[in-house]
Structures are given as C-alpha cells and as structure tokens.
Amino acid sequence: MDNKQIAEILEEIGTLLELKGENPFKCRAYHNASRVVAALTTELKVLIESGEIKKVKGIGEGLTEKLKELITTGKLKYYEELKNSLPSGLLDMLRIPGLGPKRIKVLYDKLNITSIEKLKEAAEKKQLEKLEGFGEKIEVNILKGIEQLKKHADKFLYPVAKESADKIISELKNLKSVIQIELAGSLRRKKEIIGDIDILVSAKDATKIMDAFVKHPDVAEVAAKGETKLSVILKNGIHCDLRVVSEAEFPFALAYFTGSKEHNVEMRSLSKKFGLSLNEYGFSELGAEETRGKAKQKIKCKTESEIYKTLGLEFVLPELRENFGELEAAANNKLPNLIEEKDIRGTFHCHTKYSDGFNTLAEMAEASQKLGWEYLGIAEHSKSAAYAGGLDESKVKHQLKEIDDLNKSYKNFRILKGIEVDILPDGSLDFSDKILELFDFVICAIHTKFNMPEKDMTKRIIKGMKNKYVTMLAHPTGRLLLEREPYPVNMLEIIKAASDFGKVVEINAHPLRLDLDWRLCKFAKETGVKIAINPDAHNINSLTDVFYGVGIARKGWLEKSDVINTGTLKEITKYLNIN
DNA sequence: GCCGTTTTCGGCCCGACTGTTTTCAGTCG
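Going by our numbering, the first sequence opens with residue 41, and the numbers climb by one from there.
It should be emphasised that the hints constitute simulated quantities derived from the structure, not laboratory data.
Pairs of lysine-lysine, PhoX-like flavour, derived with a Cα cap of 20 Å:
(1) Lys-610 <-> Lys-451
(2) Lys-255 <-> Lys-207
(3) Lys-145 <-> Lys-170
(4) Lys-301 <-> Lys-195
(5) Lys-85 <-> Lys-108
(6) Lys-142 <-> Lys-160
From just these sequences and the hints, can you work out the full model?
Okay, here's the thing in structure tokens:
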C-alpha cells in the first residue's frame, strides 16, 4: 500500500468521523494527516521501520499505530468498522453544495436517507422542510444542488477558468469605482484544476461593482449576495465569487483569498507568535476581542509583501502558497528563484501532419520562431500508435530528410529530430536501436494497455526508459484531467529510475493533461532529475500551451536550471550530444 | 488525534453568508 492510498484512507476516515459527529479537532487531525502523508517523498513503510515517523509533524502516537496496522496487514480495523457503520451514499451527498456532515447526519438519523437518489425523492415530497433546522429554502437549494452536480462537473481545467476570469476582470476593470482588482484563489495559485473563480476588488462603493457584475452577460444566476460578497454561477457552470473591500484592506484580503487554506492557517499561527491576529482585513492585537473583525488595523500594510515582512518572511509567490515548506523557506531566505515564461527557449514533443498534427514542419517552425524560440523538437508517434498516425521506418526517414533540408534554411534556429516512441506492454520499444540512433533525442511513452497492475506498469516504464537512446519520458502519469484517472504507476520509483539513468521527465503541458503533478516536480528536483516542459502541440496555436506547464513547474519549485528547455540552442545541442 | 521557547492538559484560525431562528447553527473558503 503506497502513501497515496494511505492518504486517501485517512481523508475518508476524517470525513466519516465528521458524519458521525465526532470531535471536529479529531476529524481535522485525520484530514491533516492525509495531506501530510500525500506530501511525503519517502514511503511511509520506510519511515515507520526506521522510526523517522516520529519527526513527521501531524502524525502522533495514535496515528502511527494505525498506520503500522495498515502497512503490515493492508487493513485497518478502525477504518473497516467506521465504514460499515455508515452507508457509503452519505459520502456522495457531501458533494452537494450546502450540504455538510451535520445536515447529512440529521437526514440519515431522522429520515434514513442514504443516497443522493433518496434525498432527491424526499426533497421532492417536501419531507425535508419538516425537519428541525431545515426549511423550504434549504430543500429547494438541495434540489438545485443535485441538479447542478449532475449538469456540471464541480471542477474545471485551469485554462478554461483562467480565460473566463480574465474576461470578467478586464471588463470590471473599466468601472470607475474600482480602485484595484485582482484574481485570487486557486487560479492565482495556478492549480491545474480549479474549483471556482475568486475575484477581489477594492472600491469605495461595493454596491455599484456588485450590481454591475450581476448584469454581466456571462452570469447565469446569483447564488448569494451580501454587503461585500457576491457569489454567482457563470453560464459555463463555474462558480465565481466577487469580494469587495476597502483600499486599506486589499492586501490582506488578497492574501487571504489567494490561500491556500493551509497556507493561511500557518500564516495566522505564525502571526500569533508575534502577538498578532491576522484575518482578511488586517493585523489586530491578539486577545483584544473588540479590535478583531473589521476593527482598526494594528499594523498597516500596503502590499502583500509587507504582510510577509511583518512576520519576518520573504514575499511568497502565490504558486508556492500550499503549505509545502514555503513559509520555512521564506523565513530562512531560501525561496526558489522560480522559472518564468520568458526563460523558455524552445520545446520538445510536438506533432505535425506526419502523424496526428494539423500543421506542417515548416509552419510549426515558423510559429516557434515567432515566439522567439531557438529550437523546436518534433516527436511524432511511432508505428504501433496507428490510431495517431504513427510513423513507420520509411516515413521516419522521409521526415528526417525534410528536417535536414529545412534546417539549412534557418539562421539561429533548428528543428530537433525526435520521436515519441511507444513503450510496448513488455517494456520493449516500438523501434529498434538502429532506427532510434537516427534521432537527436528520443521520448518514450505509454499509449496502450492502461489497465496493467501498478507494479507491472512501473516495471514496463522503467524498462523502456532504460534504453540507451531514450532521452526523456513523456506522459509520466498518463492522466487526462477530469476525463480519465491516471494509469496506475509508482511515480516515486519512476523518478528515482530517471535519476539513476540520467533521463529527463516531461511536464506534458497539454491543457487536458498538465502532468507532471507539481508535487512530483518538487520531488524530481530534490532527486536531481531534469524536467522538460512540452506542449504536446498538434498545431501552431497550441505551442503556447507550454506556459501552462511553466505554471506547474513553478508550483513544483522549479528554477531555470531545473528545466532543460531554458537552455540556449548551443547548450541543448551539447546536452543532446549532437552536431 | 496532535501538539508544546507559558509542554502532559487544554487548546486547536476565523469570518461571511444563509436560513433557520429570535440569537444561532451549518456551510464554505
């Protein structure tokens, strides 16, 4: 049982305890432990055997015992009993907006409602409104929530949400009463999957802004409206929160609403050590209840930077605010100098008409030069990937000849000859070494038989990666965000193998994929594995998808030197050992 | 269930909004 699976069990225990009405702090302890385990870069088994687990914050004696049982027997009695004591449908019901553990418990205890279907029936029969603490509106909202859940996934891809948010912000910006306007929340932190859009505004008159936003053409309906907060659902199904604060409050509110929640909790804990209480309006003196809330600010800050400075910290970029060690690093002036979009000088893993792309080699090269890039790596599918127009040996040679011819016409630019070769189920590659040696670089990837057991899949990838001609691993996690579960693979083993073999691992920056996961980037960096950020572009417009990958790289603490395609053409040719 | 430079007990981040109530509980972020 790996750390990820254990983290999922801990998370579920926390939720089940909430449904049982257990001590909320105990519930939180489990949720917190889940996060801690998910972020570990060493197998829990190793930590427990060596006793190192004692040093891990958030896992105490009680949890260590349970984890031991889980690791040695593969089961946890406490978890099994807890699961058996509640119908599994209760967990599903938590996904309905407005329904939390308390209300679900009441529904279960009083009406024996055990699933979303039963809940819908009961609500339609108006049985809920008779319950204490429930009413007509809650009943209607539950029905709406169920509808909502069915109609839209409750998560959205970063690019989709970003485009939507940018449009709204650019229009609200023009309102006279707006002083400052910024994107906040997980979008500002560049998470690859977004729950909702948070927009923060500072203005003298909140009403005007909110009224204008309600009338925005992209708004489908208003979910909630107060004095400072407006919550709407956009026509594309994304929830969007608009908050209006005063100019003095803006930096505090921006920090607060940017999150993450876990980062904020740490910030507030840290504030306490300075005798301060931090909230979305400012710093107030600790203990003085009457100065809390919207009361006077004890220390004024004009920017987020000043907030961090007050707590003795370097400014922490939004991407890093995940309580992933950034506050400790900020306290010790050890924050990374993150890679930027402008550092990218080219990319690998792009397709053309030769396989399943939509543009010619010349068109892709021209578009790359327009972006200011010095090289473009082409990597078509190999022959087994027939569905994607995979190239056979003769087509390969034809393409390589065309690249040679084109390259003669360029100055300070080069098309790099690559291939995205399939790793077959037995771990062998789709081309012989004789063909592979013709390329400047070789990317290996999985495209078939995704349902292999994790152990076999991991072995398959490692075997493929070991080939001496392989330069990098593509589609490391194989995930298609929101559309398909990633294929089962032990990423820690893969990254260790990449380190052993000196291979590069790709961040596939196609918006549907955006893998590698940013947590793994951090691990890769610590392991000494180089990363390439590749757009997996199939046409000239999607070359810029590479910048979504930069977002992931930044979240994973990668610096310019960690990413190979920040290198100049000269450095890349040297790296690839080509003339 | 975790944690401790006020440490083995007594805290554990905090406020807005909604809908239920008539002062508050639940949910959310």
